[in-house]
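A.B. asks: The chain contents come next:
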Amino acid sequence: MSDRFVVSLTHAKDNPDKATVAFVVANAAAASDKEALVFLSIEGVRLSQPGYADDVHEAGFAPLRDLIANFAKAGGKIYVCSPCFKKRGLDEASLVNGATIVGGAKLVEFMSGGVSSVSY
Amino acid sequence: MLELNAALLAGATEPEATFDAGPMGCGEIVIELKFRLRDLPAGARLIVHGTDPGLPEDLPAWCRMTGHTLVWARPPYYLIQRRDP
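Taken in sequence, the protein lines are chains V and P.
Under the numbering used here, the first residue of the first sequence carries the number 63, and numbering increases by one thereafter.
Under the numbering used here, the first residue of the second sequence carries the number 16, and numbering increases by one thereafter.
The reader is advised that the hints may include incorrect statements.
[Unchecked claim] A few chain V residues that face chain P, going by a derived Cβ cut-off under 7 Å, partial list only: (1) T72; (2) V86; (3) V87; (4) N89; (5) A93; (6) D95; (7) A124; (8) P125; (9) N132; (10) G175.
[Stated by the list, open to error] EDC-like, lysine to aspartate or glutamate: derived pairs with alpha carbons at most 16 Å apart: (11) V:K75 / V:E120; (12) V:K80 / V:E105; (13) V:K80 / V:E120; (14) V:K139 / V:D76; (15) V:K135 / P:D54; (16) V:K135 / P:E47.
Just so you know, the hints here were simulated from the structure itself, not pulled from any lab data.
Note that beta-carbon positions come from the ideal geometry of N, C-alpha and C, so glycine has one too.
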């Protein structure tokens with residue numbers, strides 16, 4: 063079984079519940095010694111911007127900012143969909159820890175060979 | 016702490032560290048456990064107190080994946096021994 067695990071997230075403040083739970087699960091993967099990757103696309107790419115998640119704190123969960131920071135601290139990677147990012151005019155010079163802007167080929171390469179994944 | 020003392024008397028000696036996780040669960044508690052166990056020496060034991068209803072299933076699974084040892088589980092208390100590096 064692959065030691066890789068992908069969480070695909072297409073939401074940010076348009077659905078903070080999904081954004082939060084996605085990173086909670088990503089934290090579980092990173093904590094479980096998986097090579098964990100969060101793929102941010104569509105609205106999710108906004109989470110790649112430092113400070114954006116600072117006011118997202120769903121009841122019963124840790125603040126989203128902390129979940130993202132802990133994911134990176136545990137070695138998790140964040141891939142940010144390049145066309146989704148460009149469409150929204152975001153700042154590529156400033157990304158949260160662990161984030162890299164990528165095209166589809168990079169994601170396909172990571173997932174080639176069979177990888178467990180969950181989507182939000 | 017009376018419950019903790021009872022749990023220890025029931026089969027465990029003094030742990031090296033304690034972690035009161037409160038209601039924390041799912042990915043939040045295991046990533047915190049990862050960080051806390053990483054800071055302990057190999058073989059050290061951490062007693063965890065946590066009330067999340069998923070923990071009786073999650074912590075054994077997490078220990079199986081990571082190689083840490085769940086010495087015993089008496090919800091809401093769990094004793095985890097850190098793996099060798």
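A.B. asks: Against each hint, give a clear statement of whether it holds in the structure.
C.D. replies: Evaluation of the provided hints:
1. T72: Nearest chain P Cβ about 19 Å off; hint violated.
2. V86: Holds, about 4 Å.
3. V87: With Cβ-Cβ at 6 Å, under 7 Å, it holds.
4. N89: Holds. Min distance 3 Å.
5. A93: A93 (chain V) check passes; min Cβ-Cβ to chain P is 4 Å, inside 7 Å.
6. D95: The hint holds - D95 (chain V) has a Cβ within 7 Å of chain P, the shortest such distance being about 5 Å.
7. A124: Holds. Min distance 5 Å.
8. P125: violated (11 Å)
9. N132: holds (5 Å)
10. G175: Where the cut-off is 7 Å and the nearest Cβ of chain P is about 19 Å from G175 (chain V), the hint is violated.
11. V:K75 / V:E120: holds (11 Å)
12. V:K80 / V:E105: OK: K80 (chain V) and E105 (chain V) at ~12 Å, within 16 Å.
13. V:K80 / V:E120: holds (10 Å)
14. V:K139 / V:D76: violated (23 Å)
15. V:K135 / P:D54: Cα-Cα ~14 Å, so holds.
16. V:K135 / P:E47: holds (11 Å)
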